[in-house]
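Heads up: the sequence shown is residues 1 to 323, going by UniProt numbering.
Don't read these hints as lab results, they were simulated from the structure.
No residue lacks a Cβ here, since even glycine has one placed at the ideal position from N, Cα and C.
Wrong hints could be hidden among the right ones.
[Said to hold, decoys possible] When the alpha-carbon atoms are kept at most 27 Å apart in a straight line, the in silico BS3-like pairs for lysine-lysine are as follows:
1) K194 with K248
2) K194 with K46
3) K226 with K194
4) K320 with K294
5) K226 with K285
6) K48 with K159
7) K48 with K312
8) K159 with K226
9) K214 with K136
10) K159 with K245
11) K46 with K136
12) K248 with K320
13) K169 with K159
14) K285 with K320
15) K226 with K46
16) K226 with K214
17) K169 with K48
18) K194 with K214
19) K285 with K312
20) K294 with K312
21) K194 with K245
22) K169 with K226
23) K294 with K169
24) K245 with K46
[Said to hold, decoys possible] Pair by pair, the computed Cβ-Cβ distance ranges are:
25) G134 with A188: 41 to 49 Å
26) N158 with A178: 20 to 28 Å
27) R107 with K159: 39 to 47 Å
28) G77 with L207: 28 to 36 Å
29) A36 with N106: 37 to 45 Å
30) L207 with V291: 35 to 43 Å
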Amino acid sequence: MVTRRDFFVGGGAAVAAYAAGSFLPLGAQSAPNFGAPSVVQVGFRKQKLGDFEVIALNDGVTRRPLAAEFVRNAPLGEVQELLKSQNLPTEYLDVPYTAFLVIAGNRKVLLDTGFSDNGGPTTGRLVANLNAAGYKVEDIDTVILSHFHGDHILGVRNKAGQLVYPNAKIMVPSVEHAFWMDDARMAAAPDAMKGAFQTVRRMLGGLNDSQMVKFEAGTEIVPGIKSVAAYGHTPGHTLFMVESKGEKFAYVADITNVPQLFARNPDWAVQFDMNAEEARVARRKVFDMIVNDKVMAGGFHFPFPAFGRVEKLGNGFEFKPVA
Numbered sequence: 001m002v003t004r005r006d007f008f009v010g011g012g013a014a015v016a017a018y019a020a021g022s023f024l025p026l027g028a029q030s031a032p033n034f035g036a037p038s039v040v041q042v043g044f045r046k047q048k049l050g051d052f053e054v055i056a057l058n059d060g061v062t063r064r065p066l067a068a069e070f071v072r073n074a075p076l077g078e079v080q081e082l083l084k085s086q087n088l089p090t091e092y093l094d095v096p097y098t099a100f101l102v103i104a105g106n107r108k109v110l111l112d113t114g115f116s117d118n119g120g121p122t123t124g125r126l127v128a129n130l131n132a133a134g135y136k137v138e139d140i141d142t143v144i145l146s147h148f149h150g151d152h153i154l155g156v157r158n159k160a161g162q163l164v165y166p167n168a169k170i171m172v173p174s175v176e177h178a179f180w181m182d183d184a185r186m187a188a189a190p191d192a193m194k195g196a197f198q199t200v201r202r203m204l205g206g207l208n209d210s211q212m213v214k215f216e217a218g219t220e221i222v223p224g225i226k227s228v229a230a231y232g233h234t235p236g237h238t239l240f241m242v243e244s245k246g247e248k249f250a251y252v253a254d255i256t257n258v259p260q261l262f263a264r265n266p267d268w269a270v271q272f273d274m275n276a277e278e279a280r281v282a283r284r285k286v287f288d289m290i291v292n293d294k295v296m297a298g299g300f301h302f303p304f305p306a307f308g309r310v311e312k313l314g315n316g317f318e319f320k321p322v323a
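Starting from the given sequences, assemble the full structure and let the hints guide the process.
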């Protein structure tokens, strides 16, 4: 049974659109045209981490009108004031998408996948940036997914249904997999949510045990990469801590959308958080850990190069990208 815990009242349609990969709020068809966002020209950035290397791989960016429902628990005017204070537009948001490749010895591990050719015209750049960084899709031996929203899993297969990373084992959080692959839950879901369930099946359905492995949060998935439960954004949303020779990198996935808003105000709820209260608690806990342990962090929606440091700022936090 789909409960309010699974889909907050009023949020189901937004989550469905997000998970299916449309990323436009209801009614956006008649929204003003704010033009196309700028795509970064050099879409990869390499960073040493002990004996490892972490490579940010930008998949593009989308521009969306800033609707009142984007931040569920704050007035639109307050949201716009915060954006204005950072010299950012107040009528729209540019949301970037950046996955991370970890080079760990002979292992080449991709954290999340972006859109492939399943998204809009300003997305789907990950593979080109992977090539520019000196690697091919055939080089990737492991793909680890943080959760099953469309912008994170649509890069598993292309439109033709072929696996984008043909030699990779796909590793998924067991809690997340159990939620989205539950046929009874899909059947009981509101019509607006059914597309999200179908997207998961299109990307991950039909994979055998040698192609896909489920993991439990809190375990070391591959040597040097540990999973960390951060539930709330989705039922099984999972982060990854990469460590080599005492140096750490935290890939925080969607612990916050648009850090200029939700890191600075960690108690604000983005419309795509499926359980806003759990997400809020996880967000504060994760950011506190990153600050206290002085860990380098990277987020899927952080401004490119999408990794850097997090510092305390008032009652919230501030993300500072690497130079």
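Structure-based check of all given hints:
1. K194 with K248: The hint is violated at about 38 Å.
2. K194 with K46: violated, 38 Å
3. K226 with K194: violated, 32 Å
4. K320 with K294: holds, 13 Å
5. K226 with K285: holds, 17 Å
6. K48 with K159: Not satisfied, since the Cα-Cα distance of roughly 34 Å exceeds 27 Å.
7. K48 with K312: holds, 25 Å
8. K159 with K226: With Cα atoms ~31 Å apart, K159 and K226 exceed 27 Å; violated.
9. K214 with K136: This hinted pair holds, its Cα atoms lying about 25 Å apart.
10. K159 with K245: violated, 40 Å
11. K46 with K136: Roughly 16 Å between the alpha carbons, so the hint for K46 and K136 holds.
12. K248 with K320: holds, 17 Å
13. K169 with K159: holds, 20 Å
14. K285 with K320: Within the cut-off at roughly 19 Å; holds.
15. K226 with K46: Within the cut-off at roughly 21 Å; holds.
16. K226 with K214: OK: K226 and K214 at ~14 Å, within 27 Å.
17. K169 with K48: Cα-Cα ~24 Å, so holds.
18. K194 with K214: holds, 23 Å
19. K285 with K312: Given pair K285, K312 holds - Cα atoms ~13 Å apart, limit 27 Å.
20. K294 with K312: This hinted pair holds, its Cα atoms lying about 11 Å apart.
21. K194 with K245: Cα-Cα ~45 Å, so violated.
22. K169 with K226: Holds - the C-alpha atoms of K226 and K169 are around 16 Å apart, at most 27 Å.
23. K294 with K169: Violated: K294 and K169 sit about 31 Å apart, past 27 Å.
24. K245 with K46: holds, 18 Å
25. G134 with A188: 41 to 49 Å: holds, 47 Å
26. N158 with A178: 20 to 28 Å: holds, 26 Å
27. R107 with K159: 39 to 47 Å: Violated, at about 29 Å.
28. G77 with L207: 28 to 36 Å: Check failed, 47 Å falls outside 28 to 36 Å.
29. A36 with N106: 37 to 45 Å: With Cβ atoms ~40 Å apart, the hint holds.
30. L207 with V291: 35 to 43 Å: Once the Cβ atoms are compared, 38 Å apart, the range 35 to 43 Å for V291 and L207 holds.
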